[in-house]
Amino acid sequence: MKLKGAEIFIESLKKEGVKHLFGIPGGAIIDLHDALYQQNDIEFILTRHEQAAVHMADGYARATGKPGVALVTSGPGATNTLTGLATAYMDSIPVIVFTGQVPTALIGNDAFQEADIVGMSRPCTKYNFLVKDVKDLAYIIKKAFYIATTGRPGPVLIDFPKDVQVAKAEFKYPESIHIRGYNPTYHGNPRQIKKVAKAIASAKKPLLYVGGGAIISGAHEEIYKLAKKLQIPVFTTLMGIGAFPEDDELSLGMAGMHGTYRANMAIQYCDLLISIGARFDDRVTGKVSEFAPYAKVVHIDIDPTSISKNIKVDYPLVGDAKLVLKDMLPLFDEYSSVNWKEVRKPWLDQINKWKNEYKLAYDVETDEIKPQYVIEKLGELTKEEDPIISTEVGQHQMWVAQFYTFRKPRRLLTSGGLGTMGYGFPAGIGAKFGVEDKQVYVIAGDGSFQMNEQELATIVAYNKPVKVIILNNGYLGMVRQWQQLFYGRRYAFTNIEVQPDFVKLAESYGIKARRIRKKEEVEDALKELVAYKGPYLLDAVISREENVYPMVPAGARLNDMLLT
Amino acid sequence: MKRIYSVIVENQSGVLSRIANLFSARGYNIESLSVAPINEEGLSRMTIVTEGNEQVLEQIGKQLNKLIDVIKVIQFGEEPFVEREMALIKMHTDMNSRAEVLRIVDIFRGKVVDVSHDSYTIEVTGDSTKIDAILSLLEPLGIKELARTGKVAMIREKKR
Numbered sequence: 005m006k007l008k009g010a011e012i013f014i015e016s017l018k019k020e021g022v023k024h025l026f027g028i029p030g031g032a033i034i035d036l037h038d039a040l041y042q043q044n045d046i047e048f049i050l051t052r053h054e055q056a057a058v059h060m061a062d063g064y065a066r067a068t069g070k071p072g073v074a075l076v077t078s079g080p081g082a083t084n085t086l087t088g089l090a091t092a093y094m095d096s097i098p099v100i101v102f103t104g105q106v107p108t109a110l111i112g113n114d115a116f117q118e119a120d121i122v123g124m125s126r127p128c129t130k131y132n133f134l135v136k137d138v139k140d141l142a143y144i145i146k147k148a149f150y151i152a153t154t155g156r157p158g159p160v161l162i163d164f165p166k167d168v169q170v171a172k173a174e175f176k177y178p179e180s181i182h183i184r185g186y187n188p189t190y191h192g193n194p195r196q197i198k199k200v201a202k203a204i205a206s207a208k209k210p211l212l213y214v215g216g217g218a219i220i221s222g223a224h225e226e227i228y229k230l231a232k233k234l235q236i237p238v239f240t241t242l243m244g245i246g247a248f249p250e251d252d253e254l255s256l257g258m259a260g261m262h263g264t265y266r267a268n269m270a271i272q273y274c275d276l277l278i279s280i281g282a283r284f285d286d287r288v289t290g291k292v293s294e295f296a297p298y299a300k301v302v303h304i305d306i307d308p309t310s311i312s313k314n315i316k317v318d319y320p321l322v323g324d325a326k327l328v329l330k331d332m333l334p335l336f337d338e339y340s341s342v343n344w345k346e347v348r349k350p351w352l353d354q355i356n357k358w359k360n361e362y363k364l365a366y367d368v369e370t371d372e373i374k375p376q377y378v379i380e381k382l383g384e385l386t387k388e389e390d391p392i393i394s395t396e397v398g399q400h401q402m403w404v405a406q407f408y409t410f411r412k413p414r415r416l417l418t419s420g421g422l423g424t425m426g427y428g429f430p431a432g433i434g435a436k437f438g439v440e441d442k443q444v445y446v447i448a449g450d451g452s453f454q455m456n457e458q459e460l461a462t463i464v465a466y467n468k469p470v471k472v473i474i475l476n477n478g479y480l481g482m483v484r485q486w487q488q489l490f491y492g493r494r495y496a497f498t499n500i501e502v503q504p505d506f507v508k509l510a511e512s513y514g515i516k517a518r519r520i521r522k523k524e525e526v527e528d529a530l531k532e533l534v535a536y537k538g539p540y541l542l543d544a545v546i547s548r549e550e551n552v553y554p555m556v557p558a559g560a561r562l563n564d565m566l567l568t
Numbered sequence: 015m016k017r018i019y020s021v022i023v024e025n026q027s028g029v030l031s032r033i034a035n036l037f038s039a040r041g042y043n044i045e046s047l048s049v050a051p052i053n054e055e056g057l058s059r060m061t062i063v064t065e066g067n068e069q070v071l072e073q074i075g076k077q078l079n080k081l082i083d084v085i086k087v088i089q090f091g092e093e094p095f096v097e098r099e100m101a102l103i104k105m106h107t108d109m110n111s112r113a114e115v116l117r118i119v120d121i122f123r124g125k126v127v128d129v130s131h132d133s134y135t136i137e138v139t140g141d142s143t144k145i146d147a148i149l150s151l152l153e154p155l156g157i158k159e160l161a162r163t164g165k166v167a168m169i170r171e172k173k174r
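Line by line, the protein sequences give chains A and B.
Each position in the first sequence, counted from 1, maps to that position plus 4 in my numbering.
Each position in the second sequence, counted from 1, maps to that position plus 14 in my numbering.
These are calculated hints, taken from the structure and not from any lab test.
Predicted model only: the values in this text are computed from it and were never measured.
There may be inaccurate statements among the hints.
[Claimed, not checked] Computed footprint of chain B on chain A; a stretch qualifies when at least three of its residues, placed anywhere within it, have a C-beta under 8 Å from a C-beta of chain B:
| no. | segment |
| --- | --- |
| 1 | 119-127 |
| 2 | 180-188 |
| 3 | 300-309 |
[Said to hold, decoys possible] Calculated lysine to any residue pairs in the SDA-like style (CA-CA distance at most 25 Å, straight line):
| no. | chain 1 | residue 1 | chain 2 | residue 2 |
| --- | --- | --- | --- | --- |
| 4 | A | Lys-359 | A | Glu-384 |
| 5 | A | Lys-172 | B | Gln-26 |
| 6 | B | Lys-80 | A | Asp-285 |
In this text, a Cβ means the ideal position worked out from N, Cα and C, and glycines have one as well.
Let's have the full structure, built from the sequences with the hints guiding it.
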């Protein structure tokens, strides 16, 4: 039996196990929404902006590990997805975006709401398609999901012209797929694995450097085993947070520009740096030429282009982090007679010394609300609950990374690579659809929150108890911090005191909200927020000029941290 | 350092743009580029000449391999290879210069492919130094128009 393009679309998504679609209807996609309206297997979640729809799909993907899917119209609907696509691309998140397109006969004619979204999205997607013939549709959808979720994952866009949505074809969903030019390497080269294992076993001061790839591949258990067995200290990147329990004695927290003192010092003095699913981003390395000067570098990554891109690598190892470590772990059995605790003692003692030299801290005397205190307190109150924390971008994001103790992967949703303000709130909403049984807390700055605050409507419409904490300093705080430290306190265009009354704003949507200004109110307000059954917004007015420390100035050596 | 990449790609829309974008997004420059279908159906060969240091060239090779539409990347360097390009050169000619132009074309084993009262159009193939050489000899005699292809290249078969 022949099906319409719109029906093939739905049947194909069902085959892929898609349960949720985020987006907004429009003229060029109306047939798909009409088909969605007439079925019950896939829930369509109506957002208030297409950018937010893609961030929701992204948050859904990060929280669940399954691809997130968005559906928007042509022209402006499509161009609004670009920031979401670029965000997902930088952080390797499997997101699939379907965009409506004008009928094929009109493409290139500057038709109403026409945009060359395939051309525009090419640099910020892993791959993209224009469906020219309904006969190719099922195959293209299969291919899109395959490309988005395999190898180093990433976003894929499918541009779907209006006439193809109603044209008919036989529906047969391909069972398997083979793409000649696309064969990701999953298993590491056994000889190279042996070489790396030997290097790790013979290093005096090894250090594990764990990035987002470890979370994507689900390598956290293997990393834990490796670290514990050989007593190797571990730091993560922002994207790697949760891949190693931060309350473990071997955890050094996050490294880099706002990393911990001990992690940054350990990098500068280690003799073997073992990178797993990380990409030596400039926010981690600081001045590249003086990064880890005494270390040989092992780099385990599924993407060969990441290896030796920024830093010369001594032991490249292409493969999936989990599979590579699984193959490597048994090789350490031959060292079973070694007392690793003893071998590692001098190195761990040195790290402990650094740990005691400088700890993450903030003023605990003041009556003002310190943002770090709010986050620490939230961490205490939600320890048992094991929630998902979604952040926006800026100072509050770094404070979350520093002061919230993450113990498991896929608990922190944050835009690491692109640094997209406006990401966190919709991403948290998307996550809530994917992981219903988990509480979701969105920690936002007042600047970031205003970039997608319209999605308050979405949590009301779908009755999702997403909790929002705004750490409100009336500034674009991270930029203000740079201006204070490096631009002679000239706060150029970073004062955003003019802002809505966030409590009234939330209440106008029917959302419970509260404002606090004093430290003594924090605990009570957070308890209320945690216990409340519906959506809740807490506007915490914090110390206006609080800074994030330590800080490695852009382009400086990691040991040259500003500590206060 | 110069390098020639021979890239076998799926012959479909958007591929050239992906490759061009790979270079432009990273600030690498393409010195020459030629594209044409090969004998296997659905595939094309792109020959790209670019310049960069060792690290940049390694990255370009990896990035090309990473593209989903790229089937194979061959880098020319160590092994012996044949490279050719072609030029069409339109010369101003008069009674005085005709003989000299023909002599030069003959020496370079070129061909005159079009003639008019006051012009010759010459076809010449060879590696780029040969093309450069003939151009430098013809230049003083009056080049009217020049069209030069990008390079194409192939690894030499091993000799027994």
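Taking the numbered hints from earlier one at a time, note which ones the structure violates and give those numbers from smallest to largest. No numbers; nothing is violated.
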